[in-house]
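Trainee: Turn these sequences into a full structure, and let the hints guide you.
Protein chains: 2
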Amino acid sequence: MADKITARNEDYSQWYIDLVRSAKLADYSDVRGCMVIRPNGYAIWEKMQAALDRMFKETGHVNAYFPLFIPESFIAKEAEHIEGFAPECAVVTHGGGEELAEKLYVRPTSETIIWSSYKKWIQSYRDLPILINQWANVVRWEMRTRLFLRTTEFLWQEGHTAHATPEEAQEEVMRMIGVYRTFAEEYMAMPVIMGRKTDSEKFAGAEETYCIEAMMQDGKALQAGTSHNLGQNFAKAFDCQFQTKDSGLDYVWATSWGVSTRLIGALIMAHSDDRGLVLPPKLASRQVVIIPILRGDKEEVRAHARFIAKALNQKGIATFVDDSEQNSPGWKFAEYELQGIPVRIELGPRDIEKGICIAARRDSGEKIELQLGEELPAEVQGLLDAMQKEMYQKALRFREENTVEATTYEEFKEAVEKGFVIAHWDGTPESEEKIKEETKATIRVMPEEAGYIERYGMHEPGTCIYSGNPAARKVVFAKAY
Amino acid sequence: MADKITARNEDYSQWYIDLVRSAKLADYSDVRGCMVIRPNGYAIWEKMQAALDRMFKETGHVNAYFPLFIPESFIAKEAEHIEGFAPECAVVTHGGGEELAEKLYVRPTSETIIWSSYKKWIQSYRDLPILINQWANVVRWEMRTRLFLRTTEFLWQEGHTAHATPEEAQEEVMRMIGVYRTFAEEYMAMPVIMGRKTDSEKFAGAEETYCIEAMMQDGKALQAGTSHNLGQNFAKAFDCQFQTKDSGLDYVWATSWGVSTRLIGALIMAHSDDRGLVLPPKLASRQVVIIPILRGDKEEVRAHARFIAKALNQKGIATFVDDSEQNSPGWKFAEYELQGIPVRIELGPRDIEKGICIAARRDSGEKIELQLGEELPAEVQGLLDAMQKEMYQKALRFREENTVEATTYEEFKEAVEKGFVIAHWDGTPESEEKIKEETKATIRVMPEEAGYIERYGMHEPGTCIYSGNPAARKVVFAKAY
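Listed in order, the protein sequences are those of chains X and U. All letters in the first sequence, in the order written, are residues 1367 to 1847 by the numbering used here. All letters in the second sequence, in the order written, are residues 1367 to 1847 by the numbering used here.
Relax, there's no trap hidden among the hints.
Derived coverage of chain X by chain U (criterion: at least 3 residues anywhere in the stretch with Cβ under 8 Å from a Cβ of chain U; other residues may be distant): (1) 1393–1401; (2) 1408–1420; (3) 1424–1436; (4) 1453–1465; (5) 1477–1486; (6) 1495–1505.
Where chain X lies over chain U, by a calculated footprint (3+ residues, C-beta under 8 Å): (7) 1423–1437; (8) 1494–1505.
For the record, the hints were derived by calculation from the structure and aren't laboratory data. No residue lacks a Cβ here, since even glycine has one placed at the ideal position from N, Cα and C.
Mentor: Structure below.
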């Protein structure tokens, strides 16, 4: 049963930790910075994996698996890459009881080990494109950790593709950030802003990083997925050339893209409340709980509950019955609210007499009287669909209400404590760095969405919020997880 | 296209390597002993995972994820466990640029890290049972590696369960070895012998290890899955006690069980031939390839091929068309035989005129004329079902033909070069060890299957094949992968 969860407006960080622990989503382990993803949390990851994996395959990708270990000399082959990743790696120095001749890094990301294979597989344009994804664990040594959001080990998928032309690579980069956007919006019910990162925020080794950024309930930003155009950087580092159609020789063009278990953290922070988890129905492995009110002829109530559960399951609505007598209905209500089951159905002897049941939506708390009978599955599906849609709309409204356009640095500093700030930037790393130093806010994204660009006039010239110098465009600033 | 594959009767080991490389199932990586599982190989693993995961969930298990790293002190808590595993571990000594206070082992198996969590989760009998499975990568430093069968890193699943009574734990052990057996026989079309390991062959830290053993085409044995009764060993090592129903205090009873990507190696070695991979239809992600013979009105032939593919896919038969003109039909036949597509359908303009197509089964090479029309999907499904069944029967016949009962040590030594040998054993580790030294054969399994026991009189007393001392039972010896 639920331990007490701190209220969001009291201490947002503590609320998050309390929720993750009480709902049994994850635990810290005895290994510094590493988490245990408990069955309730892992079930969310499985739903995410299934949806993403299907979307990857629909866009022509296949899965494969590359080694966990990366020789030190590989990491060193791409200059920016080693600078970015080497300091946060775990290093294996001994194996099979002996000291290794060359140290092995536990992968923080797999570009180098994968390109050492691609080099062997690619001779000609006929071997291209390669469209591979990998589901794997990665390790990045973290000093300050937070369950799901920032841990030393986490689970993710990483796509690594190889192309014959830069145009094809860029197309892939945009296709995959589009897949992530669709996933965030349609499955996670989480609005995101899609766009580019600044040079100082891009992936170590990339030419360009595209991202989707979401707003959490405390107004902070969370990067929910990235797609990198790697140009020919890794092909050059691994001397991977191919024979072109017109018999020339060129380096291969590359992309990589990934999302991780931090999406579970994003999902929690975007939607959940002081009573516990709120899950969009599409990512709930258990969508409906039926709680029979066991009075009068208990067996009859139980039989009705089971009959309804069967009817719902047959229509593809994942339903279970909790008819235990060990806990009271009130206890069960609280427990399944904590666990984020999207719809609760209460069913007592008097309801059965009247031919009805009471459904309660987890997001709004709304209670709806539904008729028992053939139409019930369609009615319940309707509730789930409405919930999925309204959760998105609510989060979008929240983002819009907490997005401010600032024209002075004073305005900027105040607003960035509460949400996203749209402001002009002169395009220099110096202004970007100074703003970060003084406010802890970073440039989250330079939007690439027509709707967003138009709404906030992102491409209108103006003066930089920091330097006062001419600025060609506005960007989105926020503090971030 | 296929490189030349060495014939099995010429050099079985080389045949295996040639096949794995030519069919693009896996590659050695640049990291010693680690493999790259290529998309064709990983697709088999995905089919295996899907079937096993469903079977695990049907038996009440849920998935979770525990850390990759295990503190040295944890591994050391169970005496037999550290003795068995520590010498083959990869060890992380540095993280985030600094030397670690305590070394971290990359998990060779997860009993210790998982029981350090279970200790926190279990207080009372009401917290039991815990029925958790994990899909993960593990590392065991190997000196001599072989793709899929023995690599430093491999993928697997490991179930770890916690119970209130020894009876319940033993029931779980038998349930899961039963699941593996069903999977091996019904999905992999691979007959197995289920039974117990001797003390010297059991898992380091287990009370009892149950296994399934399969015969490869060279007569060697391959352990295809294990299920361990861990007794209270790990609960004691981690001081994990629980309040019993009658308010007593007891240590928790444990099991663990696993199968790994070595099953892909088993699948290849059990069924494939000199032309390439032979896959049981249930584990083929692509079950039917349609190869249109592009003569006459090519577009009409293509349209027919696509129409048939659509009809088959709609009936759940995974079908694709290769209508490229870059390669000849003959080239395609060889390529898809190499890749192990279970059924090939050839379709030319004259076939269409006659209202037929020619289907070829990958396992037997048999060609069957099928009528085009509504019945076609059912006919093709019939071929796939027959193939699945006959592959199992063929492998079973092979095992029976290569199983010998030996009554003298001379007979034994000759027979064990070719297949399984059933012989009396006096039950001492000394005889077992001597036989291993002299012949390289080990006791693979003490069968627990009524049918097998009866057929070979496994429980009849006799004299030990090695010592001549009284022996209470026969056991199965073989050389093994």
